[in-house]
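Protein chains: 4
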Amino acid sequence: MIILVQCKDQVGLVAAVSGALSIEHLNIVSLREYVDKAANLFFMRVEVEEERPAAILQQKLQVVLPSDAVIAVNPLPEKKIVVLVTKEYHCLGDILIRHYFGTLGASVQCVIGNHTLLEDICRRFDIPFHHVPYEEAGAEKELTALVDSYSPGYIVLAKFMRILSTTFVLRYSNRIINIHHSFLPAFAGAHPYKQAFERGVKLIGATAHFVTDQLDEGPIIAQQIIPVNHSVTTADMVKAGKEIETAVLAKALRLVFEDRVFVYRNKTVVFD
Amino acid sequence: MIILVQCKDQVGLVAAVSGALSIEHLNIVSLREYVDKAANLFFMRVEVEEERPAAILQQKLQVVLPSDAVIAVNPLPEKKIVVLVTKEYHCLGDILIRHYFGTLGASVQCVIGNHTLLEDICRRFDIPFHHVPYEEAGAEKELTALVDSYSPGYIVLAKFMRILSTTFVLRYSNRIINIHHSFLPAFAGAHPYKQAFERGVKLIGATAHFVTDQLDEGPIIAQQIIPVNHSVTTADMVKAGKEIETAVLAKALRLVFEDRVFVYRNKTVVFD
Amino acid sequence: MIILVQCKDQVGLVAAVSGALSIEHLNIVSLREYVDKAANLFFMRVEVEEERPAAILQQKLQVVLPSDAVIAVNPLPEKKIVVLVTKEYHCLGDILIRHYFGTLGASVQCVIGNHTLLEDICRRFDIPFHHVPYEEAGAEKELTALVDSYSPGYIVLAKFMRILSTTFVLRYSNRIINIHHSFLPAFAGAHPYKQAFERGVKLIGATAHFVTDQLDEGPIIAQQIIPVNHSVTTADMVKAGKEIETAVLAKALRLVFEDRVFVYRNKTVVFD
Amino acid sequence: MIILVQCKDQVGLVAAVSGALSIEHLNIVSLREYVDKAANLFFMRVEVEEERPAAILQQKLQVVLPSDAVIAVNPLPEKKIVVLVTKEYHCLGDILIRHYFGTLGASVQCVIGNHTLLEDICRRFDIPFHHVPYEEAGAEKELTALVDSYSPGYIVLAKFMRILSTTFVLRYSNRIINIHHSFLPAFAGAHPYKQAFERGVKLIGATAHFVTDQLDEGPIIAQQIIPVNHSVTTADMVKAGKEIETAVLAKALRLVFEDRVFVYRNKTVVFD
Chain A
276 MIILVQCKDQ
286 VGLVAAVSGA
296 LSIEHLNIVS
306 LREYVDKAAN
316 LFFMRVEVEE
326 ERPAAILQQK
336 LQVVLPSDAV
346 IAVNPLPEKK
356 IVVLVTKEYH
366 CLGDILIRHY
376 FGTLGASVQC
386 VIGNHTLLED
396 ICRRFDIPFH
406 HVPYEEAGAE
416 KELTALVDSY
426 SPGYIVLAKF
436 MRILSTTFVL
446 RYSNRIINIH
456 HSFLPAFAGA
466 HPYKQAFERG
476 VKLIGATAHF
486 VTDQLDEGPI
496 IAQQIIPVNH
506 SVTTADMVKA
516 GKEIETAVLA
526 KALRLVFEDR
536 VFVYRNKTVV
546 FD
Chain B
276 MIILVQCKDQ
286 VGLVAAVSGA
296 LSIEHLNIVS
306 LREYVDKAAN
316 LFFMRVEVEE
326 ERPAAILQQK
336 LQVVLPSDAV
346 IAVNPLPEKK
356 IVVLVTKEYH
366 CLGDILIRHY
376 FGTLGASVQC
386 VIGNHTLLED
396 ICRRFDIPFH
406 HVPYEEAGAE
416 KELTALVDSY
426 SPGYIVLAKF
436 MRILSTTFVL
446 RYSNRIINIH
456 HSFLPAFAGA
466 HPYKQAFERG
476 VKLIGATAHF
486 VTDQLDEGPI
496 IAQQIIPVNH
506 SVTTADMVKA
516 GKEIETAVLA
526 KALRLVFEDR
536 VFVYRNKTVV
546 FD
Chain C
276 MIILVQCKDQ
286 VGLVAAVSGA
296 LSIEHLNIVS
306 LREYVDKAAN
316 LFFMRVEVEE
326 ERPAAILQQK
336 LQVVLPSDAV
346 IAVNPLPEKK
356 IVVLVTKEYH
366 CLGDILIRHY
376 FGTLGASVQC
386 VIGNHTLLED
396 ICRRFDIPFH
406 HVPYEEAGAE
416 KELTALVDSY
426 SPGYIVLAKF
436 MRILSTTFVL
446 RYSNRIINIH
456 HSFLPAFAGA
466 HPYKQAFERG
476 VKLIGATAHF
486 VTDQLDEGPI
496 IAQQIIPVNH
506 SVTTADMVKA
516 GKEIETAVLA
526 KALRLVFEDR
536 VFVYRNKTVV
546 FD
Chain D
276 MIILVQCKDQ
286 VGLVAAVSGA
296 LSIEHLNIVS
306 LREYVDKAAN
316 LFFMRVEVEE
326 ERPAAILQQK
336 LQVVLPSDAV
346 IAVNPLPEKK
356 IVVLVTKEYH
366 CLGDILIRHY
376 FGTLGASVQC
386 VIGNHTLLED
396 ICRRFDIPFH
406 HVPYEEAGAE
416 KELTALVDSY
426 SPGYIVLAKF
436 MRILSTTFVL
446 RYSNRIINIH
456 HSFLPAFAGA
466 HPYKQAFERG
476 VKLIGATAHF
486 VTDQLDEGPI
496 IAQQIIPVNH
506 SVTTADMVKA
516 GKEIETAVLA
526 KALRLVFEDR
536 VFVYRNKTVV
546 FD
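Chains as they are written, first to last, in our numbering: chain A, 276 to 547; chain B, 276 to 547; chain C, 276 to 547; chain D, 276 to 547.
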């Protein structure tokens, strides 16, 4: 089972947790900890081999840790997600295939598109698809109601090419994951490949991040790049970019769904 | 020998050059060409096995190519360079070692520093070192005179942490090569690692580029990144960054010194 | 349109081809050539913007090139493929998604499995699935007849975990593409991840190659690696390996389907 | 200060160490642990902010840990190394530059070469150079005496192209670090780039490893690759390989000198 701890830093936190686990005869398989000195924050992720009742273990840890400690024992054992899309298929296709074969680590509740192009692929996988034309008045209200009706743990923007309102973003704070088609902070905003082509860069990339009310400014979970050269057109970049976008979003989702990511301020701690 | 051609694009350019070489019984070992559609420009780099008098071959190519064609046969056979430094040693050390063992592809005429910290390492390699305190009045005039006295083909900014004047930059247009410690256009300007740390990126990088009068905006020759995670401090980034800066500058210098780089507008064509 | 040329090397080949194209007023968009000195072989790939009748252009090129030249103008415009699988879904899933969205560059005629586990996913994409229990007597005869009935240009082994007979391999010489789960020649044969774990390597990889009668010895099309560390178990490697296997096979298929790959002796020339 | 622990695995080891450190009011900055299940071995590396007398802390840890525990508090604070070379300069050059600028993390006692080609570069850095013609009778005895006279913590084979005897290797067990010019286990033995060229691989690499009496079979510390294509000759590979060899050896030395590497059986645990 997995134990996550976040609290103000002080001497003895590792000893407190590992001591409590030792008393329970729980063998630590993996332990990762990190202290953000500037923020004076302590983060810890422990994996133990055996299973114990989560609530009881949580209580025992609460006793030995400071009162501000946020402790999660086997957090969100079954992740439910809602996926938002526009027209591009590559990220959604990857999610649907993994979901179908049981390796996504989450349960896709539905797909919501502001176009209908991806409805058929969802139908083929027996995943509910909802069309919400985001451009129209009242669309976000409809979207919110729809999302809420599924009570998802996370909302995945799998190439959703619309900007969500601050209200929506704050409602699902630190629970909306986006894939942006550039190595942020380079080329934030629209048309990053066009910008990249014009700047003549020798690499392009993708960034998966939590969404905040600052466009393309949210905490980064994962990013990666591929080399390009002068002969690569904007259209080539779009094509090559799809591969790296798919890979980076898949990696970010795996990290989040395996409870390896802490979010705080505008950063993430990723125990990969 | 190496032949470079740059001109307006039209049908038959490859045929013209390869036909002329064929008549001379020159066997093409490597041929690379690129057409920038938007700029309507044609670029070509050919390597042939045998040697011929450069001036005569150049004339024969001039005859078969359009009048606007810029042709270079064995351009700059011996590259002379001047290296500008401040205090950081890693790029200079790499250049000096390669130069000493004859694998740099260029001849280091001298090193100019706005500090004296790197004087001793130059002395050990019998390379003239000049101290030009860039902060003082008249320094750039002194620098210009000094650089000119060596008639260098290229000026390499191997971690020269001062901003050169527009006058200086234009004097050596497309001949000043800089290494910037970020994957541009992300984190242009000062303290890129501090910016990177604060943004919480998951990769840092370096960019080698020709210097223009727009700070950190010049044509990019090479760039590369390394992954980082939350636990990497700004100081760690500085340390790790030195490795990637050294590697990227070394690569860019090799490409330029092997006549593999065309510069036009704000871009490069790199036939690597 | 795309023109491929392979022949014995001699002076004037580039001139001959580019001259013939120039006479036809065909503008060269991309030209790549390579000479294998040891084998004395010349390879060339040209892309021109405009379309011309392929047969006529082929004839005109035949006239200006040596008699041994193998010329292909717009080779195999529509690639038909048959996919062989066992139980693992990741490569097949990727192929089916790309095929469904029209970006595979080939037409999947059918999938043949020696298990039935992947039948349902094929059905969902309306792709015929055939079960050929490869372990049984007569299975290869059945397989051959089945494959032949589709007249495929290529056979893709998308994690087909059986060894094909020499007869089968020679029947489809240079047309069977396999994905092997190691960076060959390291860890050829069975259980490469187990071998990799035991050797304590710090990277694992995948290799896409044409199949010959020498197991895991065929011409390599593409390969790539990912870093691992001591904590990665064999099971972790299998999981991480799926990502890299999928990516490498996808890349190799794209290169082959875009006519960027020449095969000769035990090597490939890849004009990527 | 740094604390390393290695012992048989059991419940409570992390608690024991972190508890003892907590009692001493030592704040854990970084904690990494790993359990090799198959070998039933526990490895731990802890960094604490403050300094304490090493011997006393070691004693206190000994009390709370099993009797088989190997504990090192601030192990080998000043690493002394001897470097063995033949003719290639790239790894040695990198080591000398880092050493000169105080960033190697070790003190180079001397360089020993079986050729004299690299004597001058050592002289320029005021590093003693000894010529031991390894081909001659009695050379290894001379080498052993010479190495012993410097009492080095580690022996670095910076492109030493001779095979050391089993006697020599066992004398400095787990203390000899070699750089091999391939991604082992591919292309072990002589001429890996020639082998790589003939096999037509699409990537080449380098491996830093501890030397055992099994040639190229020792525990791997670090390895990395670079992509190559068909046009890369054996000579090109040698040239490109130098870059990756230098980088991989530099990384391995940093990891070892920062006490981040455990060696056991034929593997390493690297807490990087």
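There's no promise every hint is true.
If several chains are the same, the list does not tell them apart, and a pair holds so long as it fits within one copy or across any two.
[To be verified] Computed list of lysine-lysine pairs in DSBU-like fashion (alpha-carbon distance at most 30 Å, straight line):
{"id": "1", "residue 1": "K312", "residue 2": "K469"}
{"id": "2", "residue 1": "K335", "residue 2": "K526"}
{"id": "3", "residue 1": "K312", "residue 2": "K416"}
{"id": "4", "residue 1": "K312", "residue 2": "K283"}
{"id": "5", "residue 1": "K514", "residue 2": "K283"}
{"id": "6", "residue 1": "K416", "residue 2": "K514"}
{"id": "7", "residue 1": "K362", "residue 2": "K312"}
{"id": "8", "residue 1": "K514", "residue 2": "K335"}
{"id": "9", "residue 1": "K355", "residue 2": "K312"}
{"id": "10", "residue 1": "K283", "residue 2": "K362"}
{"id": "11", "residue 1": "K469", "residue 2": "K335"}
{"id": "12", "residue 1": "K469", "residue 2": "K355"}
{"id": "13", "residue 1": "K283", "residue 2": "K469"}
{"id": "14", "residue 1": "K517", "residue 2": "K283"}
Hints in this document: simulated from the structure, not taken from any laboratory.
Now the hints, each set against the structure:
For the homomeric pair K312 and K469, the shortest alpha-carbon distance between copies (15 Å) is at most 30 Å, but the shortest distance inside one copy (39 Å) is not. When the C-alpha separation of K335 and K526 is checked against a cutoff of 30 Å, the pair qualifies neither within a copy, at 33 Å, nor between copies, at 43 Å. In the homo-oligomer, the alpha carbons of K312 and K416 never lie at most 30 Å apart, since the shortest distance is 41 Å inside one protomer and 46 Å across protomers. Taking the shortest alpha-carbon separations for K312 and K283, only the intra-copy value of 10 Å comes in at or below 30 Å, while the best inter-copy value is 33 Å.
In the homo-oligomer, the alpha carbons of K514 and K283 lie at most 30 Å apart only across protomers (28 Å), although the nearest pairing inside one protomer, at 45 Å, exceeds that limit. Proximity of K416 to K514 under the C-alpha cut-off of 30 Å is found in neither arrangement, the shortest distances being 34 Å within a copy and 40 Å between copies. For a Cα distance limit of 30 Å, the shortest separation of K362 from K312 across copies, 29 Å, qualifies, whereas the shortest one inside one copy, 43 Å, does not. When the C-alpha separation of K514 and K335 is checked against a cutoff of 30 Å, the pair qualifies neither within a copy, at 52 Å, nor between copies, at 34 Å.
Proximity of K355 and K312 under a CA criterion of 30 Å is satisfied in neither setting, with 34 Å inside one chain copy and 33 Å between copies. In this assembly of identical chains, the alpha carbons of K283 and K362 never lie at most 30 Å apart, being 44 Å within a copy and 39 Å across copies at closest. Taking the shortest Cα distances, K469 and K335 never come within 30 Å of each other, neither inside one copy (55 Å) nor across copies (39 Å). In this homomeric assembly, K469 and K355 never come within 30 Å of each other (Cα to Cα): the closest approach is 35 Å inside a single copy and 34 Å across copies.
For a Cα distance limit of 30 Å, the shortest separation of K283 from K469 across copies, 24 Å, qualifies, whereas the shortest one inside one copy, 44 Å, does not. Proximity of K517 and K283 under a CA criterion of 30 Å is satisfied in neither setting, with 40 Å inside one chain copy and 33 Å between copies.
When held up to the earlier numbered hints, the structure conflicts with 2, 3, 6, 8, 9, 10, 11, 12, 14 and fits the remainder.
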